[in-house]
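Go ahead and model the full structure; you've got the sequences and the hints to work with.
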Amino acid sequence: MNGNGYLFAAYAITWVIHITYMGTILSRYARLKREIEQLKK
Amino acid sequence: MKRLFPILGVLTAILLCYGLYQALVVAPTEQTMGDVQRIFYYHVPSAWTAFILFFINFVASILYLVKRRSAQDMVALTTAEVGVVFLTVNLVTGPIWARPVWGIWWTWDWRLTSTLVMWLIYVSYLFLRRFSSGGQTPTLAAALAVLGALCVPFVYFSIWFFRTQHPQPVIGGGGSIDPRMWRALLVNWLAFSCFAFMVCWSRYRLEKLQREVDEAHAMQSLLAPRGGVR
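Chains as they are written, first to last, in this note's numbering: chain D, 1 to 41; chain V, 1001 to 1230.
Any given hint could turn out to be false.
DSS-like, lysine-lysine: derived pairs with alpha carbons at most 25 Å apart [what the hints assert, rightly or not]:
1. V:Lys1208 x D:Lys40
2. V:Lys1067 x V:Lys1208
3. D:Lys40 x V:Lys1002
4. V:Lys1002 x V:Lys1208
5. D:Lys41 x V:Lys1208
6. V:Lys1067 x D:Lys33
7. D:Lys33 x V:Lys1208
These are computed hints drawn from the structure, not numbers from a lab. These numbers come from a predicted model, not from an experiment.
The following block contains the structure:
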């Protein structure tokens, strides 16, 4: 891998980490919304 | 507040794109390392953002230990979690930079080891929050957070006090840096700070909602008729 390959890998992994974390927040939020709907019934 | 969130989100996205442009196009290529040096524009702001979040976590934990308010505990939890994400980015991008520059992925020098230890302390904090269900959990977590915060200055100043393979600090390290590199670094730090604020905001709202749902479940179980008891 040349310098550009390492650079691309570092930037890509950064955003994979952030997007994965945001994905977990969104999925937990969706689960809570479903729980709230069930509580209302 | 609900209107402010998407506006801030768009501004943060623009700032992140501008930061990427500064890092990849505007900042000059470093003479000895070449393009791989540009990892610096994500690696360093990630660490600085994590340090700020851990400092907020420290203040919120102290306040919680003194005043015992739920909001302070939620701020502490939120900043610790997002801080761990940013420190993870720092710990992952560092070896990717080190491999072509040093010829190795990792070395057990003071800066790298102390950063890993700090990461492990905050991961322990999150494990404690996740897997302990006792009423004392927020207090124990706050105490652990205070200890974890002691690591932050140690990690930052470790390259001043000890012989290390890690490059000298950007601020106060005695070296000079091209103004365009400075601008790229600061723009990315600002962009990452705004992004961290947005993520913390979302995580705080999630935690608040989670606690409301837990309370509702508790109330429901209290009000529900007990089977088998007459």
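Taking the hints in turn, this is what the structure says about them:
The suggested pairing of Lys1208 (chain V) with Lys40 (chain D) holds, with an alpha-carbon distance near 18 Å, which does not exceed 25 Å. A distance of roughly 18 Å separates the Cα atoms of Lys1067 (chain V) and Lys1208 (chain V); the hinted pair therefore holds under the 25 Å criterion. Between Lys40 (chain D) and Lys1002 (chain V) the CA atoms are separated by roughly 23 Å; this keeps the pair inside 25 Å, and the hint holds. Between the alpha carbons of Lys1002 (chain V) and Lys1208 (chain V) the distance comes to roughly 15 Å, so the proposed pair stays at or under 25 Å and holds.
Taking the CA atoms of Lys41 (chain D) and Lys1208 (chain V), the gap is near 21 Å; set against the 25 Å cutoff, the hint holds. At roughly 31 Å between alpha-carbon atoms, Lys1067 (chain V) and Lys33 (chain D) are farther apart than 25 Å, so this suggested pair is violated. For the hint pairing Lys33 (chain D) with Lys1208 (chain V), the CA-to-CA distance comes to about 13 Å; that is within 25 Å, so the pair holds.
Hint 6 alone, counting from the list given before, is not met by this structure.
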